[in-house]
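Since the structure of chain A is provided, determine the placement of chain B on it from the hints.
There are 2 protein chains.
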Amino acid sequence: MSSTADLIARRNRTIGPYSPLFYREPLHFVSARGVWFTEASGDRYLDGYNNVPHVGHANERVVRALADQAATLNVHTRYLNERVIDYSERLLATFAGDLDRVFFGNSGSEANELALRISRQLSGATGVLVSDYSYHGTTIALAEMTTGLETREPLGAHVRAIRIPDLDRDARPEPAVLADALAQVDAAIASLQEAGFGVAACLFDPLFSTEGMPRVPRGLLTGIADRVRAAGGFVIADEVQSGFGRTGSHMWGHEYAGLAPDLVTMGKPMGNGHPMSAVVTSEGVLDAFGSRNEFFNTFAGNPVSAAVGEAVLLEMEDRGLREQARVLGLQARARLEALAERHEFVRAAKGTGMFLGLDFAVDGAPAPELAVRVVEEMKSRRVLISRIGRDRNVLKVRPPLAFGAAELPILLDALEESLGVVRG
Amino acid sequence: MSSTADLIARRNRTIGPYSPLFYREPLHFVSARGVWFTEASGDRYLDGYNNVPHVGHANERVVRALADQAATLNVHTRYLNERVIDYSERLLATFAGDLDRVFFGNSGSEANELALRISRQLSGATGVLVSDYSYHGTTIALAEMTTGLETREPLGAHVRAIRIPDLDRDARPEPAVLADALAQVDAAIASLQEAGFGVAACLFDPLFSTEGMPRVPRGLLTGIADRVRAAGGFVIADEVQSGFGRTGSHMWGHEYAGLAPDLVTMGKPMGNGHPMSAVVTSEGVLDAFGSRNEFFNTFAGNPVSAAVGEAVLLEMEDRGLREQARVLGLQARARLEALAERHEFVRAAKGTGMFLGLDFAVDGAPAPELAVRVVEEMKSRRVLISRIGRDRNVLKVRPPLAFGAAELPILLDALEESLGVVRG
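Taken in order, these protein sequences are the chains called A and B.
Residue numbering for the first sequence follows the numbering used here, beginning at 2 and increasing consecutively.
Residue numbering for the second sequence follows the numbering used here, beginning at 2 and increasing consecutively.
It is possible that part of the hints are untrue.
Which copy is meant is left open, because identical chains are indistinguishable; a pair holds if it fits in one copy or across any two.
Unchecked claim - Lysine to any residue pairs mimicking SDA-like chemistry, simulated, CA-CA at most 20 angstroms apart:
id	residue 1	residue 2
1	K380	A184
2	K380	Y80
3	K380	D414
4	K380	R219
5	K380	G321
6	K380	V76
7	K380	R228
8	K380	Q325
9	K380	H251
10	K380	P21
11	K380	R79
12	K380	P155
13	K380	G421
14	K380	F198
Since the hints were made in silico from the structure, they are not lab data.
These figures come from a predicted structure and were not determined experimentally.
Just chain A, with the same shape it has in the complex (with noise of 0.2 angstroms):
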């Protein structure tokens, strides 16, 4: 095995010195089970950040899946093939209304990419809104949106960024955050018009995930897409982290947010780790497009994904996941709570279900280089969580859904500890 140095050295020699790494030490972990990492060192480190393992790494169930039917059959839809009609029931049967259509592929960047394309065809419009501080793919039309990390494309003279409020940070009454809010909406798509853009889709994750988990009004969610459809364009929620369950409360993010939207993105845990993802949409939408283009994915859809597509479902079904979710979420939040209520800097606790975070401020301004030293006393203390928003002072606590009962205490207990040691 390498030295960590040889190791980064040489991985500056292939995939180059600007792939991200975590941490100012970073970890190089040879193995993962369940919610904890091995390290090289031999020292375990419990998971309390990633999303993509989803029912667990390294899940014996999906293991088995993904062996079982690699060994039997891996080819495109253009064959017949049982298995990805299986899986595509199974995963539609997830979703209510008329959301009974799925296109697959391989990342969430092509789903994303996948239901732009498809709005702007049948909208006859390019336009979009996003959220001022939002990452939604790595395409060059998803570049062109991305407010949330930094890119070399400039925002597209099609695209408008709405500030997406917090009333956690906002003073003022529900209602005027509520107004305000969305005469910025009325005012980008006003500006779309005259431009001759036109509106094509309003592209969100319903959790607001890179914006820092924001507490929204009521009504903002379906005001915006209320706004968009009377334009002529479509709603897509990307629900490529807020799906699968992660709010505990609901399978889809879109649920948990009240909001009913004409296309679904999803990608990240739909194959815990399995590169796979997928457009859900209606019938009418699936007409309109299939109707009018070629449109094949080589990979996507192939047996060996919809079966670990299907254990995944499956998994979670059995286990529960989602409202064990809901149960340990409740009860973090709860900790959460008590936290924010002891520690002046502590603005407000976050999130829902396995998705979680603390809001760091000093005196009214964010306070990232707290944020920065919680997540390092973490990692002393072998948890793994890390930061978002637009100011990187929220703690991102995001682990895997099968996240239990026996884990949840000794992330709590480390971060009560970690907090205590970063501001005594």
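Below, chain B without anything else, positioned relative to chain A:
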């Protein structure tokens, strides 16, 4: 198990009726091993078509690597992991010159998107040259460059499509054909510059697979590359089809074509069906892009994909599959040329290595109806092939690279019989 009619009905209600299916009566496969499929009926079919299962369907080494790594660790590249570095080094060792850095992705579309995005940023231009019957992926930016299948998007104003000549169809002397093609390129570049788009890149499959494997004049690709570079653009070789030894004579299609590209994209066979792709480029290009963009792809470069990719390379090497493809390809090509001699409606034998074809024409006009009849005749003999080209009149024989000496006569005998049947 469902009946075929029932399965198609369920398919229509989930992934929809537009998801393409091969053959008038679609095939329903339940397993595959090596170069053989097994249908639901129990019938076995010889796979003369699929390039994704490169080292053979359900290859044991690949399946073992997949299962072992998935049971050990599957996580993104933000933690150090040796697996992805080992694989990167092995992959990059197959490239010459300054092609010594790699970005990973999950599909050919993602790879071509990234190569295009890099070229646009580094050139400061948006104009692109493609061939006038090509396909590079499903995204919005790639749909605007698609000339080889039906998309609703019109060709972008910044896109120029070059007609690729075929010496098998053009009676003029080779130098005249070359001069004519390069004059088209000069005109396209001048037009992009006049319109203010400039030249970001040319993007070609070095084999021109979708075009039907035209026999191009010597100097065409280098001539295009020189002109594009002189105009400030980048040369992208799309090796999704031509890479990984497909040509038999070379590991990479650009080597086969005598071309030194700035960026090489790859996908389909890379993971033997596991969704993965890459862009290989130089240190200078990686640095220029990496230093200006926060670029990260969640699934890409995970240790499971790396283990699978490594198993594919090792299997190719240990079994000498490229050399086997070269030798068998020459044998097959000789027999195809004999068939072309014998049958007036076969204009030419096409291709190299394990990518071969026959160009059908009657009285100088493309004869797609003969090609489709041969494909169906082959199916009735339980051999899978397809057809390609602008006129869909070129047979597409593109089996797993692992196609062996035992199977080649089965395919060629069936082809000989089928040609006899369609036009005695």
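Each hint, compared with the structure:
| no. | hint | verdict |
| --- | --- | --- |
| 1 | K380 / A184 | neither (43 angstroms within a copy, 62 angstroms between copies) |
| 2 | K380 / Y80 | between (48 angstroms within a copy, 13 angstroms between copies) |
| 3 | K380 / D414 | within (13 angstroms within a copy, 65 angstroms between copies) |
| 4 | K380 / R219 | neither (36 angstroms within a copy, 59 angstroms between copies) |
| 5 | K380 / G321 | neither (29 angstroms within a copy, 47 angstroms between copies) |
| 6 | K380 / V76 | between (42 angstroms within a copy, 18 angstroms between copies) |
| 7 | K380 / R228 | neither (44 angstroms within a copy, 53 angstroms between copies) |
| 8 | K380 / Q325 | neither (25 angstroms within a copy, 51 angstroms between copies) |
| 9 | K380 / H251 | neither (31 angstroms within a copy, 48 angstroms between copies) |
| 10 | K380 / P21 | within (17 angstroms within a copy, 49 angstroms between copies) |
| 11 | K380 / R79 | between (47 angstroms within a copy, 15 angstroms between copies) |
| 12 | K380 / P155 | neither (35 angstroms within a copy, 52 angstroms between copies) |
| 13 | K380 / G421 | within (15 angstroms within a copy, 72 angstroms between copies) |
| 14 | K380 / F198 | neither (47 angstroms within a copy, 49 angstroms between copies) |
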